[in-house]
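Protein chains: 2
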Amino acid sequence: MGWLRKSRTLLHEGPVVRLYQDDVVRPDGKRGLYSHVAVTDGVRVVALDEQGRVALVEDDFYLQGRRMVHLPGGGCEGQAPLDAATRELAEETGLASANLQMLGIIDPLPAITSARTSLVLATDLRHGQVRRDATEVGMTMQWLPLCDAVEAVVTGEISESGSVAGLLLAERRLGQRRR
Amino acid sequence: MGWLRKSRTLLHEGPVVRLYQDDVVRPDGKRGLYSHVAVTDGVRVVALDEQGRVALVEDDFYLQGRRMVHLPGGGCEGQAPLDAATRELAEETGLASANLQMLGIIDPLPAITSARTSLVLATDLRHGQVRRDATEVGMTMQWLPLCDAVEAVVTGEISESGSVAGLLLAERRLGQRRR
Chain V
0 MGWLRKSRTL LHEGPVVRLY QDDVVRPDGK RGLYSHVAVT DGVRVVALDE QGRVALVEDD
60 FYLQGRRMVH LPGGGCEGQA PLDAATRELA EETGLASANL QMLGIIDPLP AITSARTSLV
120 LATDLRHGQV RRDATEVGMT MQWLPLCDAV EAVVTGEISE SGSVAGLLLA ERRLGQRRR
Chain A
0 MGWLRKSRTL LHEGPVVRLY QDDVVRPDGK RGLYSHVAVT DGVRVVALDE QGRVALVEDD
60 FYLQGRRMVH LPGGGCEGQA PLDAATRELA EETGLASANL QMLGIIDPLP AITSARTSLV
120 LATDLRHGQV RRDATEVGMT MQWLPLCDAV EAVVTGEISE SGSVAGLLLA ERRLGQRRR
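Quick note, the sequences are listed as chains V and A, same order. So in numbering that gives the first Met the number 0, the last one in the first sequence is 178, and the numbering has no gaps at all. So in numbering that gives the first Met the number 0, the last one in the second sequence is 178, and the numbering has no gaps at all.
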């Protein structure tokens with residue numbers, strides 16, 4: 000391994016983000032400072048109904064200043080990925096799944112944070128009660144054929160990394176590709 | 000739009016990461032604090048040779064404490080995506096491309112940072128001089144058939160979000176999928 004940590008300083012601790020600065024020895028042997036953030040691991044859920052439609056949600060993203068369409072999901076908050084998928088899916092869409100499978104896992108920004116995002120395929124869906132939190136009051140939900148959701152990835156309308164990876168991997172696994 | 004910014008405070012300014020804390024009005028009308036980081040936009044390059052092989056690099060990731068295989072790329076550092084793609088591809092692989100096309104753009108962690116990663120397809124390749132920077136001294140390069148690189152995405156061996164999205168979108172565009 001090329002990197003060595005000499006010491007770590009916590010520079011900021013907020014409710015969502017912790018910022019650290021490490022004193023490191025870099026791969027070339029020189030000393031340096033390495034800033035990075037700790038945030039919760041995430042999960043994104045490809046919830047697919049029997050007609051091959053996927054559940055998408057849309058809400059206001061503060062930093063982008065616009066609404067974004069994405070897969071249901073959010074922070075794992077210490078839960079295992081499938082448990083977090085179950086909770087987030089219920090909160091944001093009211094759906095419960097009797098068949099959850101891991102589709103993959105990605106490192107969204109590995110140079111800045113070690114947080115990972117798990118991608119989950121959810122089928123055998125039942126409808127229940129939506130229980131969105133305070134930041135999700137403007138959230139809306141829609142059903143889209145999986146091939147149309149993948150087309151929205153290709154055009155850039157869907158751009159959140161976990162949603163992009165989850166939809167492309169789901170299409171690949173299910174072989175429901177449209178040409 | 001559901002979010003409103005009242006004020007912004009710069010909490011930390013490092014060479015790579017700036018941390019901000021904003022005083023906001025949330026979508027439910029309540030006041031709150033929103034921490035977020037500013038980092039450079041990124042680029043990842045799918046460099047494809049005439050045999051359908053893609054150039055992959057591997058180096059030490061500090062936060063993960065292991066080597067990771069990924070597409071060539073890095074920070075845009077103020078350059079347009081195609082210019083940054085040209086520079087990063089040359090630095091990390093020595094390759095020059097006479098045909099660069101945008102494959103897409105993703106938001107790696109949109110709740111934490113507005114930084115985006117552009118995905119670029121590079122063909123018509125020529126070989127030149129590798130000029131890696133100090134953090135890349137242990138970097139190695141390999142050529143892999145695109146279908147094998149996508150298989151490495153499916154198995155999770157390749158997990159960096161820009162590499163995952165870039166490879167899956169390239170496969171989709173080129174129709175070189177293996178079943």
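Hints are supplied without guarantee of correctness; some may be wrong.
[What the hints assert, rightly or not] Computed Cβ-Cβ distance ranges for the label pairs, DEER-style:
| hint | chain 1 | residue 1 | chain 2 | residue 2 | range |
| --- | --- | --- | --- | --- | --- |
| 1 | V | ALA37 | A | GLY77 | 41 to 47 Å |
| 2 | A | ARG65 | V | LEU10 | 20 to 26 Å |
| 3 | V | THR122 | A | ARG7 | 31 to 37 Å |
| 4 | A | LEU10 | V | SER6 | 18 to 24 Å |
| 5 | A | GLY77 | V | ARG66 | 34 to 40 Å |
[Stated by the list, open to error] In silico DMTMM-like links for lysine to aspartate or glutamate, alpha-carbon gap of 20 Å or less:
| hint | chain 1 | residue 1 | chain 2 | residue 2 |
| --- | --- | --- | --- | --- |
| 6 | A | LYS5 | A | ASP22 |
| 7 | V | LYS5 | V | ASP27 |
| 8 | A | LYS29 | V | ASP59 |
| 9 | V | LYS29 | V | ASP40 |
| 10 | V | LYS29 | A | ASP59 |
| 11 | A | LYS29 | A | GLU12 |
| 12 | V | LYS29 | V | GLU49 |
| 13 | V | LYS29 | A | ASP132 |
| 14 | A | LYS29 | V | ASP58 |
| 15 | V | LYS29 | A | ASP58 |
| 16 | A | LYS29 | V | ASP132 |
| 17 | A | LYS5 | A | ASP40 |
| 18 | A | LYS29 | V | ASP27 |
| 19 | V | LYS5 | A | ASP22 |
| 20 | V | LYS29 | A | ASP22 |
| 21 | A | LYS5 | V | ASP59 |
[Unchecked claim] Just a sample of chain A residues kept apart from chain V, beta carbon distances all over 12 Å, derived:
| hint | residue |
| --- | --- |
| 22 | ASP27 |
| 23 | ASP82 |
| 24 | ALA89 |
No lab work stands behind these hints: they were computed from the structure. Because the structure is a prediction, the values reported are computed rather than measured. Cβ coordinates follow ideal geometry from the N, Cα and C atoms, glycine included.
Status of each hint after checking the structure:
A hinted range of 41 to 47 Å is violated for the C-beta pair ALA37/V and GLY77/A, which are about 28 Å apart. Taken as a hint, the range 20 to 26 Å holds for the pair ARG65/A and LEU10/V, whose Cβ atoms sit roughly 25 Å apart. Between THR122/V and ARG7/A, the C-beta spacing of about 43 Å breaks the proposed range 31 to 37 Å. The hinted window of 18 to 24 Å between LEU10/A and SER6/V holds, with their beta carbons roughly 20 Å apart.
The supplied range of 34 to 40 Å is broken by GLY77/A and ARG66/V, whose beta-carbon atoms lie about 28 Å from each other. With a C-alpha separation of about 5 Å, the suggested pair LYS5/A and ASP22/A falls inside the 20 Å cut-off, and the hint holds. Restraint check for LYS5/V and ASP27/V: satisfied, since their Cα atoms lie roughly 15 Å apart, inside the 20 Å limit. For the hint linking LYS29/A to ASP59/V, the alpha-carbon distance of about 15 Å falls within 20 Å, and the restraint holds.
The hinted pair formed by LYS29/V and ASP40/V fails the criterion: a straight-line CA distance of about 31 Å is larger than 20 Å. For the given pair, LYS29/V sits about 15 Å from ASP59/A by alpha-carbon distance, which is consistent with the 20 Å threshold. A distance of roughly 28 Å separates the Cα atoms of LYS29/A and GLU12/A; the hinted pair therefore is violated under the 20 Å criterion. For the hint pairing LYS29/V with GLU49/V, the CA-to-CA distance comes to about 57 Å; that exceeds 20 Å, so the pair is violated.
The hinted pair formed by LYS29/V and ASP132/A meets the criterion: a straight-line CA distance of about 12 Å does not exceed 20 Å. With a CA separation close to 17 Å, the supplied pair LYS29/A and ASP58/V stays within the 20 Å bound. About 17 Å separates the Cα atoms of LYS29/V and ASP58/A, which keeps this hinted pair within 20 Å; it holds. Restraint check for LYS29/A and ASP132/V: the C-alpha separation of about 12 Å stays at or below 20 Å, so the hint holds.
Restraint check for LYS5/A and ASP40/A: not satisfied, since their Cα atoms lie roughly 25 Å apart, outside the 20 Å limit. The suggested pairing of LYS29/A with ASP27/V is violated, with an alpha-carbon distance near 49 Å, which exceeds 20 Å. Proximity of LYS5/V to ASP22/A is assessed by CA-CA distance (about 35 Å); at most 20 Å being required, the pair is judged violated. Taking the CA atoms of LYS29/V and ASP22/A, the gap is about 39 Å. The hint is violated against a cut of 20 Å.
The hinted pair formed by LYS5/A and ASP59/V meets the criterion: a straight-line CA distance of about 17 Å does not exceed 20 Å. Distance check on ASP27/A: its Cβ comes as close as 4 Å (rounded) to a Cβ of chain V, failing to clear the 12 Å threshold; non-interface status is violated. Its beta-carbon lying about 20 Å from the closest one in chain V, ASP82/A satisfies the requirement of being farther than 12 Å from that chain. Every CB of chain V lies more than 12 Å from the CB of ALA89/A, the least distance being 20 Å, so the non-interface label holds.
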